[in-house]
Structure formats: structure tokens, C-alpha cells
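Student: Single-letter residue listing:
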Amino acid sequence: MSMDRREFLKAAGLSAVAGLGAKGAFDLFMPGDVDASEHEGHSEHGEGHGGVAEAGPKVRLAMAIDVLQLKDHSKVDKIRAACDNAHNIPHWDSKDDEIKWIWEDEYEHVFPDTHNEYLADEVRELPFLLMCNHCDDPPCARVCPVEATFKRPDGIVAQDYHRCIGCRFCMAACPYGSRSFNWFDPRIPLKAEGRKLNPRFPTRMRGVVEKCNFCVERLAEGKKPACVEACPDVMIFGNLADPNSNIRKVLRERVSLRRKLELGTKPSVFYLV
Amino acid sequence: MYDTGKVITGLVIFVGIFTFAFWYTTGTAAPRPEPKLDTPEIQKMAKKQCIEDTQFMITTHMQLLNKLRDQALRDGNRWYVNSKGEKVWISLQNTCLKCHSNKKDFCDKCHNYAGVDPYCWDCHIDPNRSEL
Ligand code: SF4
Ligand code: SF4
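Respectively, the protein sequence lines represent chains B and F.
If you count the first sequence from 1, position 166 lands on 166 in our numbering, and the numbers rise without skipping.
If you count the second sequence from 1, position 93 lands on 93 in our numbering, and the numbers rise without skipping.
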């Protein structure tokens, strides 16, 4: 790419004025034509997770979160800190500016569709850890006009900050609120906090969207995701396509929930209750 | 002609001011930048050679970086096989800046001289400095 983001934005603005910036609209109305890479590794037969079709991908990365263990709230803090430090995530005071990769909320908000007022107290009070679901059919990737967000063959929904133009279509499309926008330079609070940065990972810049990346940079080096390393008993990461993987084993043994299944995004984050 | 003296004087002053930027800076050209290669990591190397030829790196590192970025990020392939067939781990912060641990005396030297402001550093950090 020989243009930088700002030049691109200027060009995009001009072409939008000229009525040329309609790729996003085409994708919405003709979803079959969207980028083939989005559908790589996606089981066409709609079997999705738990019954991965034979023709499916060899690797389908996913996370299972043992929420019952989170009664010990120190684990929530430990996991969140591990992610923050690994990815140089800034802390803003205002909720509006917040950058969230992994955060907590309560059952009622996490599963609004299945909320039941007679729910066991134990579950009602649990902190659920939320993150990008790395959906098998990610609406965020479908709407991105510049293919800055895309699904990799191993199932990770990746975000290419070099390409992101900050239009925030993906934030509107994600039904889970998994994405955050950098309204301001993230280095301002990082500096103010005097945070020791992870020298192995960049920061972001003003005007791009970010979210959990399943620690793609650590996986590439053969390491586990930072949250898994912090609390391996809570965060179980693995390959759904392999029937003998740890995650498949734990999903066979325990009852699991996924968020907003009715939307058809096929989330890859499972909650063990 | 009327006012010949005034017109000529005016013209001389005008030409003088107009060409000010040229004659004022004559002989004061900024010296050619000499990016420094004396980092501990480079000193340790038996053969001091970047991932490709020096001349190629000087003229084409920007295109190469763009290509490697896309290969690592978009194709998920973090190994670059260079023209000698050697494998190099693709990472600006963890490979390039490991040897070139002197961003100020290396990257910035030429970039400042050439008046370019690459947006790499809007996000990427210099791993050798703890503060931003
Ligand atoms: S959770 Fe949201 S951001 Fe993550 S893949 Fe699904 S739609 Fe995209
Ligand atoms: S904000 Fe960035 S990633 Fe999201 S849709 Fe726009 S360009 Fe794509």
C-alpha cells in the first residue's frame, strides 16, 4: 500500500462525494460476493462448532472460559492485566474512550436473550469475561470496506491496523461490543500512567479500531495467549477441529454457553457453567 | 525614461530578496547523513550484513518492509526467505530493531535528512527505549 491512511481518507472522502464509495453497500446487499478469504475454513454445511464437518478446516481456534472459577475475582484481574500488558492497552478514565480487549460483565448483560429472573444467585453474580468471539461468520469482516479486518484460515478474526481507516462500520456490525475505537492517541494515557510497555508489541494510533486478536503474535512464536498463560485453569484455548484437543474434551464434559447464537455469527468463545 | 535610478534599485532589491533562499544557504548544505552501525548486536556479527545487500536495503527497504508486513500479517507467514535462501523472522520491533537498536542514529538520521516522516512510528515502538 503506497498511500498512508490520511491520504486514503482524503481520496475516500472525494470519491464518496463522487458517489463511488459504495463497496460497503454492495457487500451488505450481495453478501455472497464478499472477499473469499472470509469464507476460507468455514464449514459450508452449517454444522459449525461441536460437530465440525469432515470437509471443514484443519485448525479452528477457540477459547473456553471456566466462569465458575472466576468467583475468585483476583483471577479476573490477573487475566485482564496479562492482556493489557501484552498488548500495551491504555486505560482511559472515561467509559466513552475505553479500549477493551477482555473485560467483565454480569450474566444478565452477557446473555440478555436467555435471562431468567429466577436464575441461581451463584450464576447471576459471576463475573463473565468478554472478548472478541472470533466468529466463524464474522459480520465485522463482512462490512469492513477496506478489508482491514479479515478471517484467517485458522479462524482468528484479525485486524490490520495499517489498513483501518476508522470508519467504525465493524463496531456497528459486531453484536458483542467487542471493538473499541481510538478517539485519541493511545500513547497519551500510556505515558501518563508511566506504564512499562511490552517492547515486543506496538501501540495503536488515533483513528483505528482494535480488539482481542487471540494473541496471534504470540501463537506465531509458539506461545500461548497471554490470558491462557496467566490462568490456564480458567482459559482453555485450542483447536476445535481436533476431536482430541483439550478444548474439545472440556466441551464434551461440561455444559457450555455461547453468546447470541440466534444471530448466526457462530462465536468461538464458550462459557463453561 | 523616468525614475531609472529608482526602478533599477528596486529591481536589484527585488531580485536580491527573491533569491534570498538560494544564496543564503549556499555552502551550508546539511552534510550527508551517516547512519551508525556500531550497535552491540551488529558488532557481534562475524559478517556484518543485513537481510539483503546494503545497496538494496538503502534504496528499497520501504518496499521490502511493506511486502514483509503484508506477508506476516495478511498471509500469517512470518518467515522471509531472502535472496541467499536464509530464513528471517519478520518483525520490525523484534528483528530489524534488534540489530538496529539505535533508531535515533540509524532510522531517524536519513529520514530527517530526507524530510520523510514514516508512519511506522505512530504505532511501532522502539523496543530499546522503555519510555515512548
Ligand atoms: S465478536 Fe464481533 S469483532 Fe469479534 S469476530 Fe465476532 S463480530 Fe467480529
Ligand atoms: S473501522 Fe477499520 S476495521 Fe472497522 S470497518 Fe472501518 S476500516 Fe474496517
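To be clear, the hints were calculated from the coordinates, so they are not data collected in a lab.
A couple of the hints might just be wrong.
In silico lysine to any residue, SDA-like type, Cα no more than 20 Å apart, as pairs [stated by the list, open to error]:
no.: 1; chain 1: B; residue 1: K266; chain 2: B; residue 2: V255
no.: 2; chain 1: F; residue 1: K87; chain 2: B; residue 2: G222
no.: 3; chain 1: B; residue 1: K223; chain 2: F; residue 2: W79
no.: 4; chain 1: F; residue 1: K109; chain 2: F; residue 2: W89
no.: 5; chain 1: F; residue 1: K103; chain 2: B; residue 2: R200
no.: 6; chain 1: B; residue 1: K266; chain 2: B; residue 2: A173
no.: 7; chain 1: F; residue 1: K104; chain 2: F; residue 2: D122
no.: 8; chain 1: B; residue 1: K224; chain 2: B; residue 2: A173
no.: 9; chain 1: F; residue 1: K104; chain 2: B; residue 2: L197
no.: 10; chain 1: F; residue 1: K87; chain 2: B; residue 2: S94
no.: 11; chain 1: F; residue 1: K44; chain 2: F; residue 2: T54
no.: 12; chain 1: B; residue 1: K58; chain 2: F; residue 2: K44
no.: 13; chain 1: B; residue 1: K223; chain 2: F; residue 2: R78
no.: 14; chain 1: B; residue 1: K191; chain 2: F; residue 2: N77
no.: 15; chain 1: B; residue 1: K196; chain 2: F; residue 2: G76
no.: 16; chain 1: F; residue 1: K98; chain 2: B; residue 2: E221
no.: 17; chain 1: B; residue 1: K224; chain 2: B; residue 2: D77
no.: 18; chain 1: F; residue 1: K87; chain 2: B; residue 2: E221
no.: 19; chain 1: B; residue 1: K196; chain 2: B; residue 2: D84
no.: 20; chain 1: B; residue 1: K223; chain 2: F; residue 2: K44
no.: 21; chain 1: B; residue 1: K223; chain 2: F; residue 2: T19
no.: 22; chain 1: F; residue 1: K103; chain 2: F; residue 2: W79
no.: 23; chain 1: F; residue 1: K98; chain 2: F; residue 2: I42
no.: 24; chain 1: B; residue 1: K196; chain 2: F; residue 2: K98
Student: Are any of the numbered hints broken by this structure? If so, which, sorted upward?
Tutor: 4, 8, 10, 12, 14, 15, 20, 21, 22
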